[in-house]
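There are 2 protein chains.
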Amino acid sequence: MRTMMVVKIGGADGNDADNVLVDLARRKDYVLVHGGSKEVDRLAEALGRPPRFLTSPSGVVSRYTDEETMEVFTMALAGKMNTQLVARLQALGARAIGLSGADGGLLLGRRKAAVRAVDGGRVLLVKDDRSGTLEDVNDDLVRLLLSNGYVPVISPPGVTPDGELINVDADRVASKVAVALHADALLLFTNVPGLLREPADPASLIPEIPREQLPFFMNFAYGRMKKKLIAAKEALEGGVPQVVIASSQVPDPVERALSGLGTVIR
Amino acid sequence: MRTMMVVKIGGADGNDADNVLVDLARRKDYVLVHGGSKEVDRLAEALGRPPRFLTSPSGVVSRYTDEETMEVFTMALAGKMNTQLVARLQALGARAIGLSGADGGLLLGRRKAAVRAVDGGRVLLVKDDRSGTLEDVNDDLVRLLLSNGYVPVISPPGVTPDGELINVDADRVASKVAVALHADALLLFTNVPGLLREPADPASLIPEIPREQLPFFMNFAYGRMKKKLIAAKEALEGGVPQVVIASSQVPDPVERALSGLGTVIR
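Line by line, the protein sequences give chains B and G.
Residue numbering for the first sequence follows this note's numbering, beginning at 330 and increasing consecutively.
Residue numbering for the second sequence follows this note's numbering, beginning at 330 and increasing consecutively.
Calculated from the structure, these hints are not laboratory results.
Every clue listed holds true.
The list makes no distinction among identical chains, and a pair is therefore deemed to hold if it is satisfied within one copy or across any two copies.
Derived EDC-like pairs: lysine to aspartate or glutamate, alpha-carbon spacing no greater than 20 Å straight-line: (1) Lys555 x Glu527; (2) Lys357 x Asp469; (3) Lys367 x Glu397; (4) Lys556 x Asp370; (5) Lys367 x Asp345; (6) Lys556 x Glu541; (7) Lys441 x Glu396; (8) Lys357 x Asp581.
Bound-form chain B, shown alone (with noise of 0.2 Å):
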């Protein structure tokens, strides 16, 4: 296969898919994949059930996800960013097809029997939480769209083998279609210039990692950039030879990324 990138972008405020769309509408070697937090926030305040969390001993901040809430989840994501993605992509030219991690069972994984949470300096153990851990890709499937002149438009949640939709994150989503691809690059966007020193400092840019000075860098991230480093680290032990973490609120920017602009881990 010819060359080939992944491409990412995330639903929180400020991050102008947009642009990434228009950028990539002249383009054929991609998968797009997105996720869609803030989309997923909102219909589930707009149901009175307002979004819950769980943060990990070790700092990390997911979803709490109850039977309830994956069905928020995936018609928030699955429903309506991904036809929305989609539509936009049909109409700047692009032949896109959306797919959940269920379609074809493209991200098949198992759920995590119990999801250790901090809450008020104790450890709790969560049952009733479906997360899951995404084991493998269908990159079969993502391939014969992709060679026949489609693009792939890929979103959580994934799907256990007897058919329970699971809650896997989007970057690590990413993360692991690049390396079942064997893509040349992996296109993080978000809606700050790429890693900062100082969060609230767009001057502080980290511009390049060396992979191997990734542990001391993940010291640099905070929230939701935590699970971007980790989706990097994983994409690098994976074989795929760039990570770009970079801003979508710019024209061109997946040029703009591709040329190094952002943070460059490899």
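We have chain B; now place chain G onto it with these hints.
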């Protein structure tokens, strides 16, 4: 292409989709199309936006779909129902792929400029309704998936060339897909045994309708059944040799419908 059928399941209360899925899982010669109006109603109610309907001068009732309702419609159908059906088929061993009408321009149509609706004896012109007319099916995409062992699970909405999502009736989607694929049969599952002379009496089933008598039998159609007969008419006119309207509330509903149990129109 080998023998092929299009199977449509609904989302009205009492429809037992799972009977159909279990029966389909052992087959590979089908495309599944689903609606899910009850699911859309439920989500709309939960969001504090009770569903509204329009009645055309000829008596056909359709959902009033403004922009916000289109989001609800997409989340309930392409999000929740489609993903759950796909996950269930996967768990049953089928390689199912969910597709909304936006995917690859699968269900391409145009938005109706205005919809005529009867309100208290007057005929109104409704302009912000996102109802559409289906004009083209990307059957190449469906064939690509089928010929590679995947089973397409298709859901409204449709899409315009400008990327606007449109509300298209799932029965008529099924009919249009059957025509585009030159299917041998279209099975329309519902929660009654078929077209009934007396809506309340299952024993009044009309077992067979010769196609030339469809206009006469249209008189027996009430509510959603009217749309099924319109879909049947369009399928027959498009070259599909037979349409069966049958109950999903029995074991082996697909086998039964194929053996002629239900209302057979040919």
